[in-house]
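From just these sequences and the hints, can you work out the full model?
Order-wise, the sequence lines are chains A and B. When we follow numbering that gives the first Met the number 0, the leftmost residue of the first sequence carries the number 0, and every step to the right adds one. When we follow numbering that gives the first Met the number 0, the leftmost residue of the second sequence carries the number 0, and every step to the right adds one.
Honestly, I wouldn't trust all of these hints.
Claimed, not checked - Just a sample of chain A residues kept apart from chain B, beta carbon distances all over 12 Å, derived:
{"id": "1", "residue": "R22"}
{"id": "2", "residue": "V27"}
{"id": "3", "residue": "L45"}
{"id": "4", "residue": "D68"}
{"id": "5", "residue": "W70"}
{"id": "6", "residue": "I78"}
{"id": "7", "residue": "W95"}
{"id": "8", "residue": "L111"}
{"id": "9", "residue": "G121"}
{"id": "10", "residue": "I164"}
{"id": "11", "residue": "R216"}
To be verified - Where chain A lies over chain B, by a calculated footprint (3+ residues, C-beta under 8 Å):
{"id": "12", "stretch": "113–119"}
{"id": "13", "stretch": "174–187"}
{"id": "14", "stretch": "220–229"}
{"id": "15", "stretch": "240–247"}
Claimed, not checked - Incomplete in silico selection of chain A near chain B, CB under 7 Å:
{"id": "16", "residue": "S10"}
{"id": "17", "residue": "A12"}
{"id": "18", "residue": "P16"}
{"id": "19", "residue": "E28"}
{"id": "20", "residue": "L29"}
{"id": "21", "residue": "A33"}
{"id": "22", "residue": "F34"}
{"id": "23", "residue": "F41"}
{"id": "24", "residue": "P136"}
{"id": "25", "residue": "L140"}
{"id": "26", "residue": "G144"}
{"id": "27", "residue": "L147"}
Note that these hints are calculated values from the structure, not bench results. Keep in mind it's a predicted model, so treat the numbers as computed, not measured. Virtual Cβ for every residue (Gly too), placed ideally from N, Cα, C.
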Amino acid sequence: MTAARVAPVESSALREPWKDIVRQRQAVELGMWAFLASELLFFSGLFAGYTIYRSLYPQAFWEAGAETDLWYGGINTAILLVSSAVMAVVPRAARWPELGLFARTMLWLAALLGMAFLVLKGFEYREDFRQHLWPGPDFKLRIEGAELFFAFYWILTSIHAVHLIIGIALVTRLAIAGARDPEWFAETPAVRATALYWGLVDIIWTVVFVVIYLPGRGG
Amino acid sequence: MSDAVLDKTSARDESTFDKGYLGAGHTLRSWLFTTDHKRIAILYTLTLTVFFFVGGIAIALVRIELVTPAQDFVSADEYNRLFTLHGIVMVWFFLVPSIPATFGNFLLPLMLGSRDLAFPRLNLFSWYLTVIGGAFTIYVLLAGGVDTGWTFYTPYSSIYSNSHVIAAATAVFVAGFGTIATGINFIVTIHTMRAPGLTWFRLPLFVWSMYTVSIVIVLATPVLAMTLTLMMAERFLGVPIFNASEGGDPLLFQHLFWFYSHPAVYIMILPAMGVVSEVIPCFARRRLFGYDFMVYALAAISLIGFFVWGHHMFVSGQSPYANLVFSFLSFIVAVPSAIKVFNWTATLYGGQISYEAPMLYAFGFVGLFTIGGLTGLFLASIPIDVQATDTYFVVAHFHYVMVGGTVSAFFAALHFWWPKITGRMYPETWARFAAVLMFFGFNFTFFPQFIMGWAGMPRRYGSYPPEFQVYHVLSSAGAAVLAIAYLLPFAYMIWSLRWGQRAPGNPWQATGLEWQTPSPPPKHNFDRVPTVEHGPYDYHHEGYVDQKEEIAGSMQTAQTDGDQE
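Shown next, in the form of structure tokens:
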């Protein structure tokens, strides 16, 4: 298998100003890690606010957390974790031309799982609106601080959804471009960068799941 | 290329716009779709110059209002919008991107001996984000402005203000991502594109300053983006975040905002320090004193700078223990800054100092930054800060750091690298005059603000008690001088593009890879990839040396470098 691995001198994935695809790949990966660090700080502003308000209003967050739909949240978490597993094989598989088609199929599968997540999320939002969980005059809960919880619920989940939409777009673009030019697909650093981004979006969701859906359960 | 010949007939000579990277295309398309880091640097320079003047006009109107104690030139509401515009434009559309996006963009690949930044298309995209953010700012300006102050404090911004808060915050949000993209590009470039032999501790300090500032940009700016998102969500969607009547905490906004905006001060000053560390050794003909410590000081400033934000909130009612810690850390962050100032002065010791315009601007930087830094220590001390909060003392302090510091260094860089960027020399006499005038005008404008601030004049008021008038008149008169000092380089730099003397590849006999290629550099930067054999600032180790001997020596070194490739 290793012998079949392509390492052309003039790679079609090589871009200015690079002279060496290996170096270019390292650079793109480092750039993506730096971007992910930036993204973590972006979300950490939200998580910091959530943590402060939760310590101020523990009871309200407990009661409000129980209002979220654990079924939707749980199934969506499972979907994203499966998509992560699917995505994890892509960067390695993509490097072998024989596995290129398989890798692209996995990309489509991940994109479909991402879309399934968004569809379920849409149904969940509709349910939340019906139950008056949008903060405002006719908000369902009366306890002080519950509206804050749901403010964070809406903002966290919607910003995560925006990230997921970007992820689906990137994955789809990669699958289409890869089918057009399999040689490029085997070499391009974009595969690994996209997979890293997808991983971050999933990891953020696991934290969202824990802080949004689990308060108020059990105990 | 025959750039090395210094000719006197440059007006009749081939235009500078036909040389090097400038000659690679003259269409609008060749500029707007370029991925050449040098051209993108020029695009940034033009954009930031426009915004510098927009912010300048806003504050000129403010200074006219403040000549008399009564509110008579603009209304109080217009006054609020003017100083807010000044703050937003100057912070996010000039100071934060200023040195990195222009000189950093232009010089980083040259200093590293590479052909371009790691991600040229991302670099162009950063510029477009800055322009889109700028377009939102212009929209805010035309639509009637925003009156929250540049800090966007809640709940005023999120609930009560009747101005264009969303558009203004969007402008900052979008431009912020442009800055993040530049930061990522720089980090990756410095890690992966150094020339053979260019090890980390052979990097010029300007490169180190770009590296540390990029890390601060990448880690701090997203927090601002989220903070503004939360503020906009509260304003636009009505969900409670900072609204105290729904149980929210307005101080949370201030904590998040200053978690970005204090490091932002270091985003502005670190590149300035990098510039000065290049200029001073060159015009003192002296190796930089304490190179290693200069690097560690940059790293220490960017690290500690993340943990001092609470000193903006001493009077907000935050816990006294938090105040103590933030006060202590604010004192600590002054230590590496002081190390840098001492090392610059030690570099001068025994040097063969000449007073070209970049050196004058660099001297201006060191003096004004020192005053700005020392008054920062006043404000880090809680009892004094309680007295001085929201007075002109604070205004004077941060203008000494940002304008006296960063803008002085920006002009030092502009003059120092102008020959490299354009292939033309600027008129030295005019430049020296402008440098001295800027120093004078700056102190004329801002020193009275220390005095009136200490006497109790609060910031952000268009009318004031008559006993402060003398200081305000001084300050406004100084601002007029400062305005002339800014317009002068604008005029003579444009003049020099056509009539300036042709610049050789290395007009200052400076070390550094950027001087080993023609001026202006060719599109691909270097004809051959340079190899680095020694550390930066390879001037004289001891100090005085005969100028001719020095030049001969450095030419020999350059020749040896060439032979070894």
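For this structure, which hints from the list above don't hold up? 1, 2, 3, 16, 17, 19, 24 and 25
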